[in-house]
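Asker: Please build the complete structure, drawing on both the sequences and the hints.
Number of protein chains: 2
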Amino acid sequence: MGDLLAAQDVPEQLLQAVRYSALGPGKRIRPWLVVRCCELPGGKRDDAWPAAAAVECIHAFSLVHDDLPALDNDDLRRGRPTTHKKFGEAMAILAGDALVMLAFELIAVHVHDAAKAKAISRELACGAGWNGMIGGQAVDMTAHQTTPSVELARYVHDRKTASLFAASCRIGAIIGGGDPDNTASLGRFGFHLGRTFQLADDLLDVTSNAVELGKSTGKDAPAGKHSFPACVGVEASRAEIERETNFAIEELRRFGGAAEDLQDMARFVGSRNY
Amino acid sequence: MGDLLAAQDVPEQLLQAVRYSALGPGKRIRPWLVVRCCELPGGKRDDAWPAAAAVECIHAFSLVHDDLPALDNDDLRRGRPTTHKKFGEAMAILAGDALVMLAFELIAVHVHDAAKAKAISRELACGAGWNGMIGGQAVDMTAHQTTPSVELARYVHDRKTASLFAASCRIGAIIGGGDPDNTASLGRFGFHLGRTFQLADDLLDVTSNAVELGKSTGKDAPAGKHSFPACVGVEASRAEIERETNFAIEELRRFGGAAEDLQDMARFVGSRNY
Numbered sequence: 001m002g003d004l005l006a007a008q009d010v011p012e013q014l015l016q017a018v019r020y021s022a023l024g025p026g027k028r029i030r031p032w033l034v035v036r037c038c039e040l041p042g043g044k045r046d047d048a049w050p051a052a053a054a055v056e057c058i059h060a061f062s063l064v065h066d067d068l069p070a071l072d073n074d075d076l077r078r079g080r081p082t083t084h085k086k087f088g089e090a091m092a093i094l095a096g097d098a099l100v101m102l103a104f105e106l107i108a109v110h111v112h113d114a115a116k117a118k119a120i121s122r123e124l125a126c127g128a129g130w131n132g133m134i135g136g137q138a139v140d141m142t143a144h145q146t147t148p149s150v151e152l153a154r155y156v157h158d159r160k161t162a163s164l165f166a167a168s169c170r171i172g173a174i175i176g177g178g179d180p181d182n183t184a185s186l187g188r189f190g191f192h193l194g195r196t197f198q199l200a201d202d203l204l205d206v207t208s209n210a211v212e213l214g215k216s217t218g219k220d221a222p223a224g225k226h227s228f229p230a231c232v233g234v235e236a237s238r239a240e241i242e243r244e245t246n247f248a249i250e251e252l253r254r255f256g257g258a259a260e261d262l263q264d265m266a267r268f269v270g271s272r273n274y
Numbered sequence: 275m276g277d278l279l280a281a282q283d284v285p286e287q288l289l290q291a292v293r294y295s296a297l298g299p300g301k302r303i304r305p306w307l308v309v310r311c312c313e314l315p316g317g318k319r320d321d322a323w324p325a326a327a328a329v330e331c332i333h334a335f336s337l338v339h340d341d342l343p344a345l346d347n348d349d350l351r352r353g354r355p356t357t358h359k360k361f362g363e364a365m366a367i368l369a370g371d372a373l374v375m376l377a378f379e380l381i382a383v384h385v386h387d388a389a390k391a392k393a394i395s396r397e398l399a400c401g402a403g404w405n406g407m408i409g410g411q412a413v414d415m416t417a418h419q420t421t422p423s424v425e426l427a428r429y430v431h432d433r434k435t436a437s438l439f440a441a442s443c444r445i446g447a448i449i450g451g452g453d454p455d456n457t458a459s460l461g462r463f464g465f466h467l468g469r470t471f472q473l474a475d476d477l478l479d480v481t482s483n484a485v486e487l488g489k490s491t492g493k494d495a496p497a498g499k500h501s502f503p504a505c506v507g508v509e510a511s512r513a514e515i516e517r518e519t520n521f522a523i524e525e526l527r528r529f530g531g532a533a534e535d536l537q538d539m540a541r542f543v544g545s546r547n548y
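Chains as they are written, first to last, in the numbering used here: chain A, 1 to 274; chain B, 275 to 548.
Mixed in with the good hints there might be a few duds.
[What the hints assert, rightly or not] Okay, the calculated bits of chain B under chain A, using three or more residues with CB under 8 angstroms as the criterion:
hint	region
1	370-376
2	411-417
[As the list claims (entries may be wrong)] Quick list of in silico lysine-lysine cross-link-like pairs, DSS-like style, CA-CA up to 27 angstroms:
hint	chain 1	residue 1	chain 2	residue 2
3	B	K360	A	K225
4	A	K86	B	K499
5	A	K85	A	K225
6	B	K390	A	K225
7	B	K499	B	K301
8	B	K499	A	K85
9	A	K116	B	K318
Source of the hints: derived by calculation from the structure; they are not laboratory data. None of the values given here were measured: they were computed from a predicted structure. Ideal placement from N, C-alpha and C gives every residue a C-beta, glycine not left out.
Answerer: Structural data, given as structure tokens:
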């Protein structure tokens, strides 16, 4: 991915802020999903890289903007200062903006099959858009205006997180030439995996600390966020994680043993140390 | 364009902030360019609307983010409170983000020819990206760190403004089925028109006032911005506008009388009341 971000003639501070935001330590779950969901229906790994990098750019953009003082106001991300702490608020806003453009540029330039490029661009724009990730963030951010409820927590989880996980899997399947059934199954797998991921994230916010997690913790409840543990408690949240993990794995059945590592990923995401 | 922004199931505050940002009073020069540059090589006006709306979404996004306190810190835009003054800073950041996604969604969903959708998406991402509009804004924002110069003012103008004007014209030509020569000519027309527009904007910042202009004025010099009038004076700026207007009109020669309204637009942009 570093190679794809080696741009010419880009203002130096912006380039550094973008590279810092996108190339820092991270789990890279979403691009990994793109690659594996491309291979599963028979696609080639090499064909998946541009879209995998694009999905990671969108994810990185969302972290940079969510961390801003006007939103979650976080100082720590992936064990390092957040982009605005390192480069200033203005450059962080612009770096996030540049990452979005870069995502769509990567697809439009490097995905050679035009029909696939159009379909991927659509998945990405819808998955991250006002009815997807950004919509979830908007509701999350105004959570203090409403009474916490499981329904609202679910609304936020589905949009803020599950939406881009689902898009990542569908994008991989599209590149790999998956038929509509395979693509839909992998999309549902990604959706339930995303729910699992966010449920675990909510729980870690309660049960972990900043050193273990590499980002600030204990912030959801004071901010009036609609977190699952706040609504239903820790034990019921764990049961929900178990259920969503099983839903995710169920969608992989049609792929048999070839999807073993995706099953492992679902179990890993559902059992992050808490 | 209002119809294209009548989304279902989008969080209410976000929807309102997006509509406020995109549908307020404005000159709509860029979408007009898309439509006319589509018609010029023989395209149908109706085919241009999704891309025209997308270009306006990108423009609206750039205004919302540029107006933020961390960037230009403007309270007034198009004669009304800026989006962050009306909806708060967090919602303004998210509304800008949502407008970008919406732009790429409009193209991926409503431009039916996949090859054209891919080409348009590329023009938009590159024209607005880190080597285009956002790159220009990054340099503009750090202008106080460097010595003002015509070269830097030109760098900022070319990226911050001319880049998206050029993309708008190229996008129109692509939809309209323009051959490479026509598309290149219209792109260069848009580029010189964009330069003319930004030169006039710099001049209006010096010579106009907020009531006439509908936005704050007299801010470039104190902010250490690389404006043309600050570097070369008002008279030399006017001469530069004249020259760029002529360059723009020259590119329209191949289209003869059919491009008369684009010529008029170049003259209008070059003679906004100063």
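Asker: A separate judgement is required for each hint: does it hold in the structure or not?
Answerer: Now for the hints, and whether the structure bears them out:
no., hint, in the structure
1, 370-376, "holds (count 6)"
2, 411-417, "holds (count 5)"
3, K360/B - K225/A, "holds (23 angstroms)"
4, K86/A - K499/B, "holds (23 angstroms)"
5, K85/A - K225/A, "holds (23 angstroms)"
6, K390/B - K225/A, "violated (43 angstroms)"
7, K499/B - K301/B, "holds (24 angstroms)"
8, K499/B - K85/A, "holds (24 angstroms)"
9, K116/A - K318/B, "holds (25 angstroms)"
In summary, the structure is inconsistent with hint 6 from the numbered list given earlier, while agreeing with all the others.
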